[in-house]
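Enquirer: Sequence:
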Amino acid sequence: MVVNLQSTSSKRVKGIFSVIASTNRLEILKILNAKGSLSYSELKSLAGFKSKKESGKFAYHLRKLVRHGLVSLNRAERKYVITSLGTLILNLSRQIEEHAILESGKLYVRTSKQKIEEFNANRITQSLVKEGGMPLDLAQKITAEVESRIHKFQTTYLTAPLIRE
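Using this note's numbering, read the sequence shown as starting at 80 and increasing by one per residue.
Think of the hints as simulated: they come from the structure by calculation, not from any bench. Ideal Cβ positions, reconstructed from N, Cα and C, are used throughout, including at glycine. Worth double-checking, as some hints may not be accurate.
[As the list claims (entries may be wrong)] DMTMM-like mimics (lysine to aspartate or glutamate), calculated; alpha carbons at most 25 Å apart, straight line:
no.	residue 1	residue 2
1	K114	E176
2	K209	E224
3	K123	E156
4	K143	E121
5	K136	E156
6	K114	E196
7	K158	E133
[What the hints assert, rightly or not] Taking CB as the label site, the calculated pair distances span:
no.	residue 1	residue 2	range
8	V225	S130	41 to 47 Å
9	E182	G115	30 to 36 Å
10	G135	K231	49 to 55 Å
11	R173	K93	20 to 26 Å
12	E197	K131	32 to 38 Å
13	R157	F96	26 to 32 Å
14	K185	G135	37 to 43 Å
15	E196	Y139	28 to 34 Å
16	T87	K131	37 to 43 Å
17	F96	G211	44 to 50 Å
The whole structure should be built from the sequences, with the hints applied where relevant.
Expert: Shown next, in the form of structure tokens:
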């Protein structure tokens with residue numbers, strides 16, 4: 080009996096890992112987590128499945144998420160919502176992504192859109208010139224100073240608001 084439970088649990092975990100192996104399905108989870116409950120057509124559009132011929136592809140991904148308990152359908156409202164398991168899986172995937180980034184030894188920034196990108200000093204320069212109206216030579220000097228200080232702290236992960244300050 081115990082072996083059976085372990086086998087069932089193992090199959091469930093394998094199933095969940097196979098579900099989150101798709102960037103399309105992770106994107107659907109991220110959208111539902113950010114926006115709340117959405118109709119099929121709203122979710123399809125936000126997930127980037129625009130054309131009618133992509134409907135089958137979208138339905139396939141959504142069905143897998145529902146089947147594994149990461150998304151549920153509120154039949155009364157006809158809207159999809161992320162489940163607590165889906166939220167847990169999404170949070171774990173973010174933690175894994177962040178850990179992998181930290182282990183890489185490169186410098187990364189979490190943008191205001193919650194995406195993680197490799198640090199690019201030129202973007203600081205561009206922002207200072209464009210948003211601050213600063214002369215290019217001064218913006219480059221400030222950028223060099225910021226980059227120097229960041230490397231002195233030997234950090235690998237920053238947020239965009241921290242860089243702006």
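Enquirer: All the hints need checking, so say for each whether the structure fits it.
Expert: Right, here's what the structure says about each hint:
{"no.": "1", "hint": "K114 <-> E176", "in the structure": "22 Å, holds"}
{"no.": "2", "hint": "K209 <-> E224", "in the structure": "19 Å, holds"}
{"no.": "3", "hint": "K123 <-> E156", "in the structure": "17 Å, holds"}
{"no.": "4", "hint": "K143 <-> E121", "in the structure": "18 Å, holds"}
{"no.": "5", "hint": "K136 <-> E156", "in the structure": "23 Å, holds"}
{"no.": "6", "hint": "K114 <-> E196", "in the structure": "23 Å, holds"}
{"no.": "7", "hint": "K158 <-> E133", "in the structure": "20 Å, holds"}
{"no.": "8", "hint": "V225 <-> S130: 41 to 47 Å", "in the structure": "44 Å, holds"}
{"no.": "9", "hint": "E182 <-> G115: 30 to 36 Å", "in the structure": "33 Å, holds"}
{"no.": "10", "hint": "G135 <-> K231: 49 to 55 Å", "in the structure": "53 Å, holds"}
{"no.": "11", "hint": "R173 <-> K93: 20 to 26 Å", "in the structure": "21 Å, holds"}
{"no.": "12", "hint": "E197 <-> K131: 32 to 38 Å", "in the structure": "37 Å, holds"}
{"no.": "13", "hint": "R157 <-> F96: 26 to 32 Å", "in the structure": "30 Å, holds"}
{"no.": "14", "hint": "K185 <-> G135: 37 to 43 Å", "in the structure": "39 Å, holds"}
{"no.": "15", "hint": "E196 <-> Y139: 28 to 34 Å", "in the structure": "30 Å, holds"}
{"no.": "16", "hint": "T87 <-> K131: 37 to 43 Å", "in the structure": "39 Å, holds"}
{"no.": "17", "hint": "F96 <-> G211: 44 to 50 Å", "in the structure": "46 Å, holds"}
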